[in-house]
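Undergrad: As a plain string of letters, each chain reads:
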Amino acid sequence: MRGQTRGLTRSLRAAWSRIAERPARIVATVMAITIGIGFACATVVFTATFQADFAARLSVEYSGADVVVTPTTDEPVESLVSRLDAVPGVAAAVPLYSSGVEYTAAASHNYLSLRTSVSEPRLRWTTLTAGNWPSVPNQIVLDQHTATAANLTIGETFTLTGPSGPDHAAPPTARVTVVGITQTSTSPYGGQLTGFLLPQEFSALGITYAPQIAVLAEPGADAASLAATVGERIGSGVISRTVAEQAQHDVAAFTGQTAALTTVLLGFEAIALVVAGIVIATTFTILLAQRRRQIALLRLVGATTAQVRRDVIVEAMIIGGIGSALGAALGIGVGSIAAPAAGLAGGGTVIPAVTVAVVALVGVALTVGAAWLPASRAMGIPPLAALRPVPEQTHARGVGRVRLTLGISLLLVGGALLAGGVYLGDLIVAMPGGAISAVGVLLLTRSFLPPLLRLIGGIDRAAGVPGRLAVLNAVRNPGRAAATSAALVVGVALIVMLQVAAASVGASIDKASADRYPVDVVVAGDGSPLPAALVDGVRDAKGMAAAAAVHGARATATVASSVESSGAQAKGVGPESGSVDGDPVVVVAAPPNAHDVVRGGLAALDGETPSAPTALVPPWWVGSGAAKIGGTITLSVDGRAQQFTVAVGRLTDAGVLAGSTVVVTQAALDRLAPAAPVVTVWGELAADADASATMAEVNRLVADQPGVQVTGAATDRAALQSVLGTVTAVATGLLAVAVVIAIVGIGNTIGLSVVERTRESALLRALGLRRGQLRLMLLLEAMLLAVVGTVVGLLLGLAYGWAGAAATFNEIGRDLVLSVPWGIVGLLLVIAVAAGALAAVLPARRAVRVMPAQALAEE
Amino acid sequence: MNQITSQVRHDRRSDTHDGIEMASAATDLVKVYGSGATAVRAVDGISVGFARGTFTAIMGASGSGKSTLMHCLAGLDSPTSGSITVGGTEITALRDRDLTVLRRDRIGFVFQSFNLLPTLTAGQNITLPLDLAGRAVDDAVFNALVASLGITHRLRHLPGELSGGEQQRVAIARALIGSPDVVFADEPTGQLDSATGHGLLAYLRSSVRELGRTVVMVTHDPIAAAYADRAVLLADGRIAGELAKPSAADLLAAMAQLNTTGAAGRRVDTVGA
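Heads up: the sequence lines are chains A and B, in that order. Residue numbering for the first sequence follows our numbering, beginning at 175 and increasing consecutively. Residue numbering for the second sequence follows our numbering, beginning at 2 and increasing consecutively.
Same shape as in the complex, but just chain A (with noise of 0.2 Å):
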C-alpha cells in the first residue's frame, strides 16, 4: 500500500517534469481539451441559463405565491376559492384567470387575453408604467403590446364580450375603460394581447373557471405542509403543489423542446469529444515513440511495464486536467456570456456546478482512455531498445491484417445495409449501416491514406525537393498521418453530410412545390385592376426571370343544368353544395407569354375554338360534382355569355389561383370582356434566386395595395430556404468546432514530427536547403495531410449526405434530387488549405531557427 503511494508520487513527479520539461509538447493537445470541453461545458451553461429563463417565464404569474392550486373539475372557481379561504393557514386565494374575450372599441375589435389583476402586491409580476391599477369595478389594465395595437389610451371606454353560454344566449358583455398600461408581458403566453381585470369581474362574463389559483400562506406558514393541507381540505377536485413543485411540473410539461435541444446539443458535443480523443490519441502515440529509448532505460534499470504504462497515464491524467480545468473557465465564460446576449437570461445565468464538474470529468477521462492504447504500446518495448540505435525508419510498418479485415468487413456490412436502407426507405436500417461503413472507413484510412497522399502530393512536386520531401514525411508513417487525418476526415464528413443532406432535401421539396404549383409567383387580389406600377414593379423584382401581366374580369358562372351529374342539378349557395351557379368568379386569360411562367397546364387550352372554347376551371367544382369536365359552362360577363368546355388543367389544379378563377385563352376573354385591365401577374423565379429575398420585394410592392395577396410556389420555397438555411447555418457552426480541434491536431503531429526530426531537417540544412525551403516543405506538408482529410471528407460527407436524403425521401416516398452546395464545399477546401498552412507556422518557425551544426552534434 504504502510502495503504492510511494510509487504513484514517483509517477507524478517524473510526468510532471517531463512536461514541465517541454511544455510546448503539451500545448496542442491541451488545446483540443479545452476546445472540447470548453464547448461542452457552455452547453450545459447555456441550456441551464435558458431553461431557468424558461422557468422563470412559466411561473412568473404565481412565482410569488406559496401554494398553487390546480382546480381538475369544472366547480365555479368563486366556489373553490371561498372553500380555499377557509383552510386554516390560507391567508389568501386569488384565482389566476386566463381567458379569451372578445374586444370592440373604436378603432379596432380582436380577442383578448383577460388575466387577474391582483391586490396582493406579492402576486403582481409586471409592473404599471402609466396610470394606476383598477380599484373598483369596470376598469381595466392593459400591457403595452395591447395598447398600442388596439390603438387605446388612458381613459377610453370599451366593450368586452364574453364567451356564449350553453343555451345559445347572448353573451354576457361588459364596458370597461383604461386606467393603466403595464410593462409588455414576459410571460411564454405573451404576444397575444393582454388585459387585465378584478377577480371579482369575470363571472359577469360568464367565466367561472381559472386554470390556477395562487394561494398566499399566512405568516409563519410552511407552503410544503401547507399544500398538504388544501389537498386534504379541499379533496379530489384540485391538485395542491408548492410554488418550486408547481414550476418544476410546468416545466417538464413544457420541456419537449428544450429537452431535444439539449439532445441535439449532447451530438455535436460528442463529435467535438471523438475527434479530440483521436488528436489525444495520436499526440500521445507520438510522444511515446520519441520516448522509446527513455522508456527502454526505465525498462533497463527495473521498472515494471505496469509501471512504465502508469507513468503514462499519470501523464494523460496532467494533462487532461490542466485542458479540461481551462475548457471549464472558457465553457463557463462563453456560455455565461452568449445565454444573456440571446436574451435568455431572465432566471439569471444558472451555472450548474455538479454538471459542469462531470464534464471537466469526462474530459480526464477522455485524455486517459486516448492514451491508453498508446501507453498499452509502450509496455512491449524490450529493455534492450535502450541499448541499440534509434531505429532508421526503414519501411512503414504494414497494415494490420486485423484492422484490414475488421475495416473492409464493417465497410462491407454497413454498405450493404446502407444501400439497402436507402433502397427500401428506411432510415431504420439506412443510418446504423451508415455509423457501421463510417468506422469501417475510419479503420481504412491507414490502408488508403498513404496512396491518397502520394496522388495529390503529385501536386507538391511542383515545388521540387522541398515538395517531394514533404510528401515522402507525410507518408513516412502511415499511421500518424491516418490518425491527424482522420479526426479532419470526421469534422469534414459531417459538415458536408450536412450540408448535401439539407441542399438535397431543400431541392428535392422545392422541385415537389415546383410540381404542385405550376406558377413560382402569382399576385391577385379580387377582381379589381392591378396598378401599372405594381405590374412593372413584380416583373423587375430582383431575381425574376420572367413575368406575365392576366387579363381578367368579374364573371358569373352558370353549368348547364343538362350535365349529367350527380349533385349538378341541386340549388345552392356554395360549393358544398355542389354548385357554383351564380358564383361570382374571376375569369382570366393565359397570357401571350404564359409558357415563360406557366410549367404546363395550359394544354387544354391549346387547339380549342372559337366556337368551342375551353375554360380552365378550380378542380374543386369538379370533385364537387358542380362541373363535369368535358361539359358546358357558361360564363357571363356584364350580359355578355359564352359557353367553354370545361376543364382542369394543372394550373388550376394546383390551387395556386384564389379559389374561384377560371382561365380562358386571351382570344375567348376579348369575345366577353373587351379590353379587360389587368387582374393578376404570374412570375416565374430564376433557378438561383433567392426565393425569400425576392418575395419580401414583392410583398413590400403590394403592403398598401389592400386585398391583393402574394401566393405560388415561391412562398414554399423561400420559407424553406429560411429554415434549413438556419438549421444548416447553427448545425455547421456547431461541427466547425470539431474541425478546428482537428487543425489542432495536424499542428500538433507537425509539431512533434519536427521536434523528431530535429537531425534530420539539420542534415537538410547542412546539405543546402535553405530555411524558406525547409519552411515551405512543413508547410507543404501540413497542407498536404489538411488537404487529404478534408478531401477524404468531402467524398464521404458527399456520399453519406446523398444516402440519407435518398433514405428519408424514398421512405416519404417522394422524388429526391442530389443537390452539391459546391460553393461551401470548394470553401472547405480552401479553409483546409489555409489552416492546415497556419498549422504548420509555428511548428516551422522552431525548425529553421535551429543552427545546424548543433543538432548535428553527437548526442
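Hints are computed from structural coordinates only; laboratory data are not their basis. We treat Cβ as the ideally placed atom computed from N, Cα and C, and that holds for glycine. Possibly wrong hints are sitting among the right ones.
[What the hints assert, rightly or not] Okay, the calculated beta carbon distance ranges per label pair:
id : chain 1 : residue 1 : chain 2 : residue 2 : range
1  : B       : Ser180    : A       : Gly638    : 17 to 27 Å
2  : A       : Thr932    : B       : Gly54     : 51 to 61 Å
3  : B       : Arg96     : A       : Ala194    : 49 to 59 Å
4  : A       : Gln464    : B       : Arg210    : 37 to 47 Å
5  : B       : Arg98     : A       : Ser896    : 51 to 61 Å
6  : B       : Ser207    : A       : Ser550    : 51 to 61 Å
Put chain B on the given structure of chain A with help from the hints.
TA: Coordinates of chain B only, in the frame set by chain A:
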C-alpha cells in the same frame, strides 16, 4: 614520412599560401560557447589552411575543439571572431541564405552516423545536393562514382535496408557528386568495423590523389589519420602540432605526448624526428 613540417603559415588572410591554392582556410578563428563564468573557448585562435588536392586529418582528444573547428570551417556554425574562406570566398559575413547555397554547391559532408535521409532511396540521397541546387545530374559522373564505390546495385534501397558500410559509401558519394571545393568528414569510420573503415579511407585517399579532391577529416583514431597527407593536432581549442605524411605510430606517440604534457597552448612540432 616522419618529416616535421611547418609549411603552413598563418599570418595572411588569403586563399593562397606561398602560391599554393587553399580550398579552405581559417584565420584567428575563435568560437566561444556560453558567456561570463561559464564561457567555453572551444576554438581559441586557430589559423589553418587546407591546400587543394590534399587530405588532412584534424586530430585531438574529445573536447579538443576539433568538431567545432570543422563546423565553423564548413559554415555550419558561426564563429565568434576570425575569418574563414572556402575556395577563396570569405564566408563569415555571408547571410544564411548565401551560406546555405555555398554549403550546397561547394562543400561535401560525411558524418559518423551516416546521416542519410531515411525517406529517400540511396540514389536520391546521393543526388540530393544537386536536386536542391536544381542542377542536372551528369549520368556518366554519377555512374562512375557509384561504380567506384561499389553501390550500383543498392541505389534503389532505403538507408534502413543498407549496411553501415554501404550507408557511408552512399554518404561519400553524396559528398563528392557535386565536385565541391572541400569535403569535410567527421569521424567517418567511427561506426564501421575496421576492414570497412580501411576500405573507405583508402577510397577517400585515392579520390584526393587521383581526382584532386580536397578532404578534411576529423578523427581521434591515429590509424584513420595515417591515411592523410598531413595531420593537424588540436588540444584545448588550439593547434598543438602538425605532422606531414604521418604514420599511425607517429600519431599515437604525438597524442600520448599531448596527453602527458598537458596541451595548454603547446605546439608539438617535432614529434618522432
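Undergrad: Does the hinted range 17 to 27 Å hold for B/Ser180 and A/Gly638 at CB?
TA: holds, 21 Å
Undergrad: Can the suggested window of 51 to 61 Å be confirmed for the beta-carbon pair A/Thr932 and B/Gly54?
TA: Cβ of A/Thr932 to Cβ of B/Gly54: about 36 Å, so the range 51 to 61 Å is violated.
Undergrad: Could you see if the CB distance from A/Gln464 to B/Arg210 stays within 37 to 47 Å?
TA: With Cβ atoms ~45 Å apart, the hint holds.
Undergrad: Does 49 to 59 Å hold as the CB distance between B/Arg96 and A/Ala194, or does it fail?
TA: violated, 37 Å
Undergrad: Using the Cβ atoms, figure out if B/Arg98 sits within 51 to 61 Å of A/Ser896.
TA: Holds - the Cβ-Cβ distance for B/Arg98 and A/Ser896, about 56 Å, lies within 51 to 61 Å.
Undergrad: Is 51 to 61 Å a correct range for the gap between the Cβ atoms of B/Ser207 and A/Ser550?
TA: holds, 54 Å
In summary, the structure is inconsistent with hints 2, 3 from the numbered list given earlier, while agreeing with the others.
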